[in-house]
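S.K.: Protein chains in written order, with full-length UniProt numbering: chain A, 1 to 321; chain B, 1 to 502; chain C, 1 to 157.
Note that these hints are calculated values from the structure, not bench results. Small disclaimer: the values here were computed from a predicted structure and weren't measured. Beta carbons: idealized from backbone N, C-alpha and C, even for Gly. Misleading hints may appear alongside valid ones.
Unchecked claim - Below, simulated DSSO-like cross-link-like pairs (lysine-lysine); rule was C-alpha separation at most 30 Å, straight line:
| id | chain 1 | residue 1 | chain 2 | residue 2 |
| --- | --- | --- | --- | --- |
| 1 | A | K181 | B | K135 |
| 2 | A | K301 | A | K287 |
| 3 | A | K107 | A | K301 |
| 4 | A | K316 | A | K109 |
| 5 | A | K181 | A | K258 |
| 6 | A | K137 | B | K135 |
| 7 | A | K137 | A | K148 |
| 8 | A | K109 | A | K29 |
| 9 | A | K287 | A | K56 |
| 10 | A | K147 | A | K132 |
| 11 | A | K132 | B | K135 |
| 12 | A | K287 | B | K135 |
Said to hold, decoys possible - Some chain B residues judged to face chain C by a derived CB distance under 8 Å, without partners named:
| id | residue |
| --- | --- |
| 13 | L34 |
| 14 | I169 |
| 15 | S186 |
| 16 | Y191 |
| 17 | L195 |
| 18 | V390 |
| 19 | V391 |
| 20 | P394 |
| 21 | V395 |
| 22 | T401 |
| 23 | N409 |
| 24 | L430 |
To be verified - Listing some non-contacts, in silico: residues in chain A with all C-beta distances to chain B over 12 Å:
| id | residue |
| --- | --- |
| 25 | Y123 |
| 26 | K147 |
| 27 | T152 |
| 28 | T178 |
| 29 | V191 |
| 30 | D218 |
| 31 | Q269 |
| 32 | A302 |
| 33 | A312 |
| 34 | T314 |
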Amino acid sequence: MKTKTWLAGCIIAGLAALPSAALADYPEKPIEMIVAFAPGGGTDVAARSIARFMEKHLGGGARIAVVNKPGAGGEIGWTELARAKPDGYTIGMINPPAFNSLVVEGKAKYTTDDFQPIGNMVYDPGILVVGKDSPYKTLADLIEADKKAPNTIVIGNSGAVGSSDHIGLLNLNRQAGTTFKPAFFGSTAPVRQALLGGHVPAATMNLSEAVQLARSGDIRILGIMAEERSKALPDVPTFRDQGIDLVVTTSRGLAAPKGVPLEILAKLQAALEAAMNDPEYRDAAIKAEIPLHYLNAEDYKALIDLISKNLAETWKVTPWR
Amino acid sequence: MIDALLSALPLVFEPANLFAVLLGTVAGLVVGALPGLTVTTGIAVLIPLTFGLDPLFALGMMAGMYNGGSYGGAIPAILLRVPGTPASVATILDGYEMTKQGKAAYALQVAVVSGVIGSVLSAISLIIFAPGLVKLSLLFGPAEYFWVAILGLATVASLLGDDFLKGLIATVIGLLIGTIGTDISSGTERYTFGLLEFADGLDIVVLLSALFAIPPVLMMIEEALKTGMPGDLLKLKRQGSVLADWRRYLPIWMRSSVIGIIIGVLPGAGGSMSCYLAYNDAKRASRQPETFGKGNPEGVAASEAGNGADNAASLIPALTLGIPGSGVAAVILGGLLVHGLRPGPQLFAEHPDVVYGFMVQMLLSAVMLAVVGGLTATRIFGQALRLPRVVLAPVIMLFVTVGVYAVNNTMFDLYTLLGIGLVAYMLDKLDYPNAPIILGVILGPIAESQLLLAMTISGGDPMALVSSPMSMIMIALTLFVLATPLWTVWKQRRRSSVEPAK
Amino acid sequence: MAVNLNPSRRHAEVGFAALLLGAAVWAYVEAGNYAGQSGGYPRVLAILLGLSAIILAARTLMGASAPDDARLFDHPGRFVVGLGMIFLYVVAIDVVGYILPSLIFGIGVPMLLGYRHLQLLLPVVIGILVFIYLVFKVMLERPLPPDVLDGVLRAIL
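So that you can see chain A by itself, here it is in the shape it has in the complex:
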């Protein structure tokens, strides 16, 4: 009896000692960073870039290996991240709202509570754009045209059914009483080309994907789906400026599986913040027009929860699938 207690005590002590010993010199082996998309995509390049700077700021010869687990719109990689051991050696990129909408649709094998956010990196609002020769000068023009001829105006969509673009358009239709029809192009490049070639009258995409074309005057942004105007294009009004409360943003951030030790979380969060403030990284990001927007773990969690709440409300009124 006594030996048993003693043994149990030892085991507990050992268990308690093990992680803290490991913590002292975390990371002592390579950290895996799961990317739920294929190599070469935006998320992949972002992950590989930040990984390099986080290695630097974690110090001690830390290694972060990017592991691509693409498939099913991110679901495979995120499920894997959710199920990984929360020891700080598996982290991953998450992409709200796609990340949340899988949960809201009731399709995913994870919930957003299975994750411990580490921090947000990119915050990229949705936009509604038209070509430079379009007859629609403002959002009001476009809405009016729809009211005159309902169900005729097609808006190119840079995603698929259930993408943030699609949900944004559903919300716009609901709030403005319009009947715009989405045409799903699947990714940004083809919809941008169709818009420039005049094959679709208008399109939705993310701001960072259109900044350069807007600056050069090849396209006109009718509205940004954000709380405030973009620093990159201060002249472009938000939807709120034009009386429609439409906020749709995509974000890109880091998360670990839920239950990761607090000390490790703190280390990762500090490394992420330092990496994002690294002049070399900032410089490259600004050049590449990546809308960096750091949020710490707590704020990022709040943002993710807010996105989930809004999505759930939309789903109730207009299920997109």
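Here the structure of chain A is known, so what remains is to put chains B and C in place on it, guided by the hints.
M.R.: This is chains B and C only, laid out in the frame that chain A set:
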């Protein structure tokens, strides 16, 4: 433009930047030659390492990788019948036949020279025509892309082989495989068995390996030949020089390059299609179309020239509009952005030295490819054939398994490989052609989604499909492609029915 | 008995056509579950596949062109061995990892087929595995299937 070129040249020829192009070309060759690794992966891994380096060093590596990788795929295609990239499927048709006939060294030589010529012409057109050609790509909307895909499918007619019915079945199998996955317009999952791994469809690398690598491996094991190819068959001198035969290939190189450049400029159509179209064109123009698919080096020349010509051209919309013409162009675009080079018309005004430097590097890497790919790599890789076939078969498997696993990092793909590989073996054994399957898989989804988009945009009016001049041109080309094989057959029949009367 | 293991080419042709027909019927029925046009396109393809398979089977059965004694396999035994080895190889990768099974597969298959020149076989297979390891794992950081040898290799490199 001349000023910009002149100011760019000294930068390009700095020793470090020259070395970058060379390094990229060699790395591209290796990456392209290994199934499962793609240039896209190589460049994606490279980009973060180029932060803070001279832009032309980074871009030089990318340019080298692009051209090197696009030729690299031809090496295993010709030697082992394992396509390193989807684009090299058309190269297999005649390249592997040549290998079987003991002309591997010549086939590789044809491939590298043709690839280099295509790449060089493409790079030159990039330098000269970039701003002009981009207007062409804007003429293509969903309706036009639908016809481009149909045009590509029409080239199946030249790939069918001897048995029309089996060719048709293979095409339909490909089209059906192409429907696997989530339909982006409705969110419906088709033929996924509820498996997440199938939600994005079958991965093309898995499919390529299953269709083209597993059957020959099984057949080699069945034959169990304990000898390899005699070494002297790999010596170039005995098999003639491509450059000496330039008159024979010149028209093919020119036409294939033009096809490759045009397809390259169209975003989304992609490299594999230019190979098929170029191959089809060469076969159509040939006096002996029946020798294609039976080891005619002109088939290899057409496919590889088309493939090489696609490269630089697909950067034209990427550089001028920010619209990548291919997956690789998309990653290169990312690399440009990291170095503060914003694509668009203003790019040429703001950073002429870097842009023109990069374009010259595309040209330079093509030339380096002639040396690296033609002389060194071909000799080294060619040695694989000297291995006894019983050894070669498992060695191919080693590359295939690691490559297939690397695509998505999942065992699931390896089991898929086994399943499809067994079916592919049966297809092969029963003489079903397998190139049409790949064509169906690649083009079917494009045709379906673009048709649907065109219909959505036009509000369901089918006239929208034929309303633009570009659509009409594509339809005319399709009819032309379909009609020529029939015409040739008819002509031959007439000739053979006339001749006995003589 | 031997007939079943190694069917005539003609029987194999018809059998495979029957399989295709079965697949086409399944694809057609399954596509009925897909809403609207998502189901229409695959259904058309399924019909096309089914019809082609029927015509092919009919053509083979009626035509006397193929000699009936042509067998599908020249060496059915080796085919079965090869297929079995490949299957075991993939399963072993799943269980043990990439490197060990590859080593055994690369050396074992030729030996099973009667090839004995180890002085060529060993350096080739080991050399190729080293090359693969260097390119995939070290140069491009692509993960290989998790391996029991991982720790050892990490210590070496």
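S.K.: For each hint, tell me whether it holds in the structure or not.
M.R.: Each hint tested on the structure:
Restraint check for K181/A and K135/B: the C-alpha separation of about 28 Å stays at or below 30 Å, so the hint holds. This hinted pair checks out: K301/A and K287/A have alpha carbons roughly 28 Å apart, not beyond 30 Å. A C-alpha spacing of about 21 Å is found between K107/A and K301/A, which places the hinted pair at or below 30 Å, so the restraint holds. Between K316/A and K109/A the alpha-carbon distance is near 20 Å, which keeps this suggested pair within the 30 Å criterion.
Between K181/A and K258/A the alpha-carbon distance is near 39 Å, which puts this suggested pair outside the 30 Å criterion. Of the supplied pair hints, the one linking K137/A and K135/B holds, its CA atoms being roughly 24 Å apart against a limit of 30 Å. Of the pairs offered as hints, the one joining K137/A and K148/A holds, with about 16 Å between alpha carbons and a cut-off of 30 Å not exceeded. Distance restraint check for K109/A and K29/A: the Cα-Cα separation of roughly 29 Å lies within the 30 Å cut-off, and the hinted pair is therefore satisfied.
Our distance criterion of 30 Å between C-alpha atoms is met by K287/A and K56/A, whose separation comes to about 21 Å. Proposed proximity of K147/A and K132/A is supported: the alpha carbons are some 22 Å apart, at most 30 Å. Between the alpha carbons of K132/A and K135/B the distance comes to roughly 15 Å, so the proposed pair stays at or under 30 Å and holds. Between the alpha carbons of K287/A and K135/B the distance comes to roughly 27 Å, so the proposed pair stays at or under 30 Å and holds.
For L34/B, the interface hint holds, since its Cβ comes within 8 Å of a Cβ in chain C; the closest pair sits about 7 Å apart. The restraint placing I169/B at the interface with chain C holds, with a minimum CB-CB distance near 5 Å, inside the 8 Å limit. The closest approach between the C-beta of S186/B and any C-beta of chain C is roughly 5 Å, which is under the 8 Å cut-off, so the hint is satisfied. At about 7 Å, the closest approach between the beta carbon of Y191/B and any beta carbon in chain C falls short of 8 Å, and the interface hint on this residue holds.
With a cut of 8 Å, the hint placing L195/B at the interface with chain C is violated, because the nearest CB-to-CB distance is about 14 Å. The beta carbon of V390/B comes within 4 Å of a beta carbon in chain C, closer than 8 Å, and the hint placing it at the interface holds. The criterion of a C-beta within 8 Å of any C-beta in chain C is met by V391/B, whose closest approach is roughly 5 Å, and the hint holds. At about 4 Å, the closest approach between the beta carbon of P394/B and any beta carbon in chain C falls short of 8 Å, and the interface hint on this residue holds.
With a cut of 8 Å, the hint placing V395/B at the interface with chain C holds, because the nearest CB-to-CB distance is about 6 Å. Below 8 Å, beta-carbon pairs count as interface contacts, and T401/B has one with chain C at about 6 Å; its hint therefore holds. At about 6 Å, the closest approach between the beta carbon of N409/B and any beta carbon in chain C falls short of 8 Å, and the interface hint on this residue holds. For L430/B, the shortest C-beta to C-beta distance to chain C is roughly 6 Å, which falls under 8 Å, so the interface hint holds.
With a least beta-carbon separation of about 18 Å from chain B, Y123/A lies farther than 12 Å from that chain, consistent with its non-interface assignment. Separation of K147/A from chain B is adequate, the least Cβ-Cβ distance of about 17 Å exceeding the 12 Å criterion. T152/A, annotated as away from the interface, has a beta carbon of chain B within 12 Å; the closest lies near 6 Å. Every C-beta of chain B lies more than 12 Å from that of T178/A, the closest at about 16 Å, which supports listing it as non-interface.
Interface exclusion of V191/A from chain B breaks down, the closest Cβ pair being 10 Å apart, not more than 12 Å. Non-interface call for D218/A relative to chain B: violated, since the shortest CB-CB distance, roughly 7 Å, does not exceed 12 Å. For Q269/A, the condition that its CB be more than 12 Å from all CB atoms of chain B holds, with the nearest at approximately 21 Å. With 12 Å as the threshold on Cβ separation, the claim that A302/A sits away from chain B holds: the shortest Cβ distance comes to roughly 29 Å.
Every C-beta of chain B lies more than 12 Å from that of A312/A, the closest at about 18 Å, which supports listing it as non-interface. Listed as a non-interface residue, T314/A keeps its Cβ farther than 12 Å from every Cβ of chain B; the least gap is roughly 15 Å.
Checked against the numbered hints listed earlier, the structure breaks hints 5, 17, 27, 29, 30; every other hint is satisfied.
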